[in-house]
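**Q** Residue-level listing of the chains:
Protein chains: 4
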Amino acid sequence: MKANDNTAVLLLYCPDKPGILAAVTEFINQHKGNILYLDQYVNREEQVFFMRIKWDLADFQIPKEKIEEYFRTLLAIRYDMNFRLYFSDAKPRMAIFVSKMSHCLYDLLARYAAGEWYVDIPLIISNHPDMESVANRFGIEFHCFPITKENKAQQEALQLELLVKHKVTFCVLARYMQILSPEFIEQYPNRIINIHHSFLPAFAGAKPYHAAHERGVKIIGATSHYVTTELDAGPIIEQDVTRISHKDTVDELVKKGRDLEKIVLSHAVEKHIERKTLTYKNRTIVFQ
Amino acid sequence: MKANDNTAVLLLYCPDKPGILAAVTEFINQHKGNILYLDQYVNREEQVFFMRIKWDLADFQIPKEKIEEYFRTLLAIRYDMNFRLYFSDAKPRMAIFVSKMSHCLYDLLARYAAGEWYVDIPLIISNHPDMESVANRFGIEFHCFPITKENKAQQEALQLELLVKHKVTFCVLARYMQILSPEFIEQYPNRIINIHHSFLPAFAGAKPYHAAHERGVKIIGATSHYVTTELDAGPIIEQDVTRISHKDTVDELVKKGRDLEKIVLSHAVEKHIERKTLTYKNRTIVFQ
Amino acid sequence: MKANDNTAVLLLYCPDKPGILAAVTEFINQHKGNILYLDQYVNREEQVFFMRIKWDLADFQIPKEKIEEYFRTLLAIRYDMNFRLYFSDAKPRMAIFVSKMSHCLYDLLARYAAGEWYVDIPLIISNHPDMESVANRFGIEFHCFPITKENKAQQEALQLELLVKHKVTFCVLARYMQILSPEFIEQYPNRIINIHHSFLPAFAGAKPYHAAHERGVKIIGATSHYVTTELDAGPIIEQDVTRISHKDTVDELVKKGRDLEKIVLSHAVEKHIERKTLTYKNRTIVFQ
Amino acid sequence: MKANDNTAVLLLYCPDKPGILAAVTEFINQHKGNILYLDQYVNREEQVFFMRIKWDLADFQIPKEKIEEYFRTLLAIRYDMNFRLYFSDAKPRMAIFVSKMSHCLYDLLARYAAGEWYVDIPLIISNHPDMESVANRFGIEFHCFPITKENKAQQEALQLELLVKHKVTFCVLARYMQILSPEFIEQYPNRIINIHHSFLPAFAGAKPYHAAHERGVKIIGATSHYVTTELDAGPIIEQDVTRISHKDTVDELVKKGRDLEKIVLSHAVEKHIERKTLTYKNRTIVFQ
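Each protein sequence line maps, in turn, to chains A, B, C and D.
Everything in the first sequence is counted per my numbering, starting at 17 for the first residue and increasing by one.
Everything in the second sequence is counted per my numbering, starting at 17 for the first residue and increasing by one.
Everything in the third sequence is counted per my numbering, starting at 17 for the first residue and increasing by one.
Everything in the fourth sequence is counted per my numbering, starting at 17 for the first residue and increasing by one.
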């Protein structure tokens, strides 16, 4: 999705019934919308229909500002749909949270600087000053909020103010070593993406590489998920793994893990930017 | 797809136009067919629409023997569709061709014996007697046709007779170390599945593990493809790879490769049995 | 290792000190043993030296029956070594335990029948009669011991008798759906190999595919480990994973998992047969 | 290997004979060198022994500047060894060659800036000005040498001058879209690392993603290798692959391939920096 695309993306789910797919595609076709991508999936166990559809607005006969209303009136109410509509001119705005490690941060910023993603990154937030020089290299505002038990609520309030001021639409925790409060998380439901350095649900919590080494696993992983109030238990967006052996020390796991973490996080962020993720009952549907 | 399913599967492709998806799904919905799976894909570069749709025939109002005609008249001609229609009571019939190695053969037969696949295996054909005991273990007819330059045409003619007699619908070359003649292949277009023991197009032809070792690759692979008259160049259905190191001798590559070969071949066969493959311009579309 | 090899394999570990590697290789070299493979590894954190060495006995000047004594006297005591010595004429004897599923069983038996492994399989034990026909196909004794809470101790005693009678050296639980008692396990320490159908330590215990589906993971796995008295917590020998998506039902996870399970189990069994595994502090060292 | 390590690394190969391993380890042990890592491998087919050994020089009794001479005199001549000796205070110096794409460049520079590697990067060379801003971000000298058929020899001569001036020990072609002349390559035998955007030997040469798409493969790859005078045919250091489907356009292959390319190249560079690679008959031995 790019600014000059002039496209719309619709994500929806609803109770499965005959005719939904035909109804939605006809709504777009008959008003001269050119469908560019369509991916649908029916969860047969729970009888739920999921869909992502993207179309060209160039000749679409319903004015952009009226599409949501028309779709709701003509289709969503009838089929009891839960839907979200996005336009290509609404560029997502992403804030990055970091602590002291640079590998995920660099991977995000390199893609951003290369123009790989249709996103703005107005600011980087940290609880430590270490990554300021990296932020400077890419000309991005950096704000440091040291966190203690005492000041946490206050510092989070200041962070939220900044996010609002910068019109941030989603946050990425790029190895941010702080647990966000439920109050913070509620402001960005399914819009805070974390990377956890294990193959969840194995080794949730602190020191997963130590735990993996102690357990003697032969494969390690990384998991990117939306943040919920339950630690490391939110809907998983992406995972990947790599093979290790008895010869690998904890330090070597940390090193091998870094490459997993950055790629898994960036892939999850990309899916989010491209409006390809939908959350249902603590699981994600990731469209193609 | 199982016999007692009473379902139909439709595979089609045609020039992409607005409304095809809606038209097909409505054709099924309005005659009270319950859609069970649907997967579609548009090749934007070539403007071709591809689709696989499976529906329950229990309440379908068009009689089974009329569906093909109605679909052709009402939709296929209008949209210039190339389509194939399958019913769940037409169980595929598979012949296995082997030479001296048993690993792929056992993997196919174990799945067959366990009832994993909706298929019949009436016969096994070989150019060597070695695998007869394996065929006997599973109670399957075994026919040995030793091949020489001189008798090849004649032996293939006898093989084809057997295939016709047993109403075989597709053939699986489970490490069959003979090149089929164009005349043979033409009888089963896109219905002969081969396993090649390399990551094609690397190391096509004979002795791929020797070639991989000689070249010093760090990963080896296996490729399952439909057989065409050009050696190892047919449409690829499935591939997989495994990591090797400088320590692996050719014998160890052969050993590691066996596990790849059998799994890749069985996955390709499964896709074929489930009517999930469609061939277009020497490439496969593999539906989900 | 094959019978006509006339080779020895030595597995050892001891506190790391300078000179161990040189001492062991010289012990073999100076008595005219031809070293065929050597793999060593030092755990620097715990200062432990691990080694596997295989040599040709053809010209070895120490008589076979004296090697253990000489090695103990000349090296093991001096370096405080824990070691095991194997000769190629002592063919391992393996019992397979199954319940109702055939995929792992077939994979083991196919390799056995093809002569891939240097092993004997004198018997198959089950708590259900279902797999008897598979055992018959391969001409292997099959014994059925239905297990209830009440008869478990008694049935295990009968099983152990059979194992002793058949001189079984290790057991393979090929999806055997019974928990062995500590008394049974103690008879075969680090000599009972299990396959668990998850990426341990995630989803230990019952119904891992259901749990994986519920959690919404994007990758599933299988784990082969030595059985200890703590359920699913023994030393891991081998793991592998495969990618899944939100579209996969529990049934599809079960199907995809089967291929993982059989390959992971067979690879673990092979490492054990080839005397390439060593257990230390609930972790395995798997030599090359 | 770090500057304050005060360690030595020895890489060697020679005709395999009994006693080499013992001789080398004793050479280090008896002069009070503490062995930190040892990896050895015997190519049985060609009867060649390969070894990498790293030891602490703190208490080593042979003066650093004499080690090479002593080792040659006492061991290398006797065993007909080909060897290379490295000391931890000789930090490798790496030049990066780029064209217009930034993904590999950023990945290399991010690791460098984070201090992950024991290396200096004094300069970046390009045939286009595009990457100058990236070089500036990391404070590294950037030199642009536009290449035409006419000026190629001259420009390469100037590049070589720069490399000599900056005491560059090896070069990394991070998607440098120029073929180096044999004259250039001869100056850095086995010291120029390239990344090719395919799973070599498949799709050597130009436009591998187009060729992969055309062929309809189900997996794409990337290959890092030492540059030799034969295009894309040098010793392979590292490869990796990722799964694709019929839905992926060439553009999507390019996107998926970028992540492969950068990780594969960085892993190969790391192995080189850590002195873990040895080249023999157009193949690499990559030690652990």
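Keep in mind the hints are simulated off the structure, nothing from the lab.
Hints are not guaranteed to be accurate.
[What the hints assert, rightly or not] Between beta-carbon pairs, the in silico distance windows are:
hint : chain 1 : residue 1 : chain 2 : residue 2 : range
1    : D       : Lys-116   : A       : Gln-46    : 40 to 48 Å
2    : C       : Arg-88    : D       : Pro-31    : 30 to 38 Å
3    : A       : Val-266   : D       : Asn-98    : 19 to 27 Å
4    : B       : Lys-80    : A       : Pro-31    : 52 to 60 Å
5    : C       : Arg-100   : A       : Ala-222   : 32 to 40 Å
[As the list claims (entries may be wrong)] Quick look at which bits of chain D chain C covers, simulated, 3 or more residues with Cβ under 8 Å:
hint : region
6    : 27-38
7    : 49-55
Note that beta-carbon positions come from the ideal geometry of N, C-alpha and C, so glycine has one too.
**Q** Hint by hint, where does the structure go against what was stated? Just the numbers, ascending.
**A** 3, 4
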